[in-house]
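Novice: Residue numbers (my numbering), protein chains in the order written: chain A, 72 to 173; chain B, 1339 to 1955.
Hints listed in this document are in silico derivations from the structure and should not be mistaken for laboratory results. All residues carry an ideal CB built from backbone N, CA and C; glycine is no exception. Just so you know, not all the hints are guaranteed correct.
Here are a few chain B residues that face chain A, going by a calculated C-beta distance under 7 Å [said to hold, decoys possible]:
no., residue
1, Thr-1363
2, Lys-1366
3, Met-1866
4, Gly-1932
5, Ser-1933
6, Ala-1938
7, Thr-1940
8, Leu-1941
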Amino acid sequence: METIPVEHGLILAGILFCLGLIGVLTRRNIVFVLMSLEVMLNASGLAFIVAATRWGHAEGQVMFLMILTLAAAEVAVGLGLIIQMFRRYQTVDISVLSEMKG
Amino acid sequence: MLELIWLLPTFPLLGFLALVLTGGTLPKQIAGPIGAGSIGLSFAVAALIAMEFIGSGEDYFVYEAWTWMSVGSFSPGFTFYLDGLSTVMMLVITGVGFLIHLYATGYMADDPSFARFFSYMNLFVAAMLMLVLGDNLVLLYLGWEGVGLCSYLLIGFWYTNPANGYAARKAFVVTRIGDTSMAIGLFLLFAQLGTLNIQDLMHAAEGEWEVGSGYAVAAALLLLGGAVGKSAQLPLQTWLPDAMAGPTPISALIHAATMVTAGVYLIARTHILFELAPSVQLLVAWIGLATLLISGFTAMTQSDIKRVLAYSTVSQIGYMFLGLGVGAWSASVFHLMTHAFFKALLFLASGTVILSLHHEQNIFKMGALRKVLPVSFASFLIGSLALTAFPFTSGYFSKDEILLGALAVEGVGTWLWLGGLIGAFFTGIYTFRLFFIVFFGESNVKHHVDKEVGGWHMNGPLIILMILALVGGFIHVPVEAVFSHGEAHDEHHVSGLIHGIMIAVPLIGIGISYLFFMSKTFSVEKLMASGMAQSLHKFWLGGWGFDTLYNTLFVNPFLFLARINRKDLIDRFYALIVALSQAANGMIVRTQTGSLRWYALTLVAGLVFIVTLGALL
């Protein structure tokens, strides 16, 4: 069985990470920012999986499980914050929340 | 009974603690009895102790309460030393002090800070008793500083007026100069003689130092510095007239009867040291003479009733210094006692006048008060007679002894005597000038005065002090044992002529005062017409320009230096640090935009930078 080369997997992970990053940097809607963050987390998870397959170790997969749980917790908190934000400001535009400047 | 001597300062101290720990909130009905009662108890104990002590015929009595501190061979204790001198002092302090406290319960009755007033007064009496009863110079110094503190607190008692605060600071700073000198003197004595116990010190000084030796002169000079500051003598006399900013009972107790005589007490207590330094002792006499003359002239021109009395206090302490300087130790202590009686009387009576006239202190806005204020009139009459040494009043005997002591000195004695006589002449003029202007002539009172203020607790002390001022001269001061080897010239014989002169001179002063201010035979206006008299009057009114002189010599240069120093090198260094961190803060604060995406971008940029750095190196 022909395996997918490690490089391909890593390149995919890198592309996903950059897409997520661009989303975080450019989006004003906080829901999309949160989604982009999820993409970045999963990209790093993918990198772990690929590395684990390459060396035949289980730690990478364990790491991915951890990232999944972390992402789930993060989304729960993040969505809660977003709901609060919407209630208070009637908007999901992140650039509105810039009162804490020096 | 004698062991109970420790109770003397303890009662006032407990009174102070009771008043101060309740935060000065005790009502008058409680604070008054505590404040005056504690001094009354002290006086009762003092009287019993004095009777037993004098009855016992002992020369001295020592009671050690406990050791204060112990460092090597140096272990001053709370040890009380009772001899003739401290007996006189403690009786004057508690006795006159009690009368003044009693008077103050009436005088201060309308003051909102009644309890605070009595807490300070009690602390003062405790410190003063510590000063005169301490057997070592450290304990004496404790009391010395304690009375200085209380004086400061009480001069600035009505602190809402900035002028009073200024007067209080002035008194504190000026006396501090003297206190520093005294502290150095104490160090010198300890370094040279290894003890600060007064009696041991005197014996050691007698044994180790020759008459006129350098150390004796230096030590005597340094102690004299302290005495001069506390007793408001030349050149540190400028604080006392301003100290009249305090309530009148304070002026009576602290700035006339007791604290200002602490310098006299110090010199009398260490008289052996001064005998070892005859040049310094003579300096004491000259200082006293110069002070009594200068303040005598000044007193003639003042228009504030309390300032006249303040300058006369300075002048009378000048007499005490003159007495000390010529070796008439017991005469000085005698004058100290009689002065406490009649000056307390005069101040308290002036307090009644001031209170009756709704806090008017200008004598030219008084006049013809003898019918309106009979008790004050009688007090002033008796006080003034005693102050001018009218025959057979208390002041006559004591001043007489001092002047005779001065006359007995070889060489300069005649000059000292003559100077003292001139001072007595002016005493007659300024005292009765005040008396005639305030109580006779036409009334210049603006407000309506119905009747004299004060119930029994204000008039009672006045009456007792009147009696004391009259017959105080017949009290025998039991100080022979203290000054046993100091007074050889007691038996000096003087002719009747000299006695006659000494009686006549103050009377002439009173007569001149009568012609000017009572019968108006001579006119002050005519005297004042010439330009020279005008400028002389101005000069005397300002206390011989001492304040101006000190302002030019010390205060202004100091302020000038302080202004320059405000921007000195060290300050600049720290200012630079402040400026730098502020600039850095200004720069960094701009990165805090509050925008989430900006933060994310800088995070990524930092990451990229570090990874690139890692890849390149």
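Novice: All the hints need checking, so say for each whether the structure fits it.
Specialist: How the hints compare with the structure:
| no. | hint | in the structure |
| --- | --- | --- |
| 1 | Thr-1363 | violated, 49 Å |
| 2 | Lys-1366 | violated, 59 Å |
| 3 | Met-1866 | violated, 73 Å |
| 4 | Gly-1932 | holds, 3 Å |
| 5 | Ser-1933 | holds, 5 Å |
| 6 | Ala-1938 | holds, 5 Å |
| 7 | Thr-1940 | violated, 11 Å |
| 8 | Leu-1941 | violated, 10 Å |
Hints 1, 2, 3, 7 and 8 from the earlier list are contradicted by this structure; the remaining hints agree with it.
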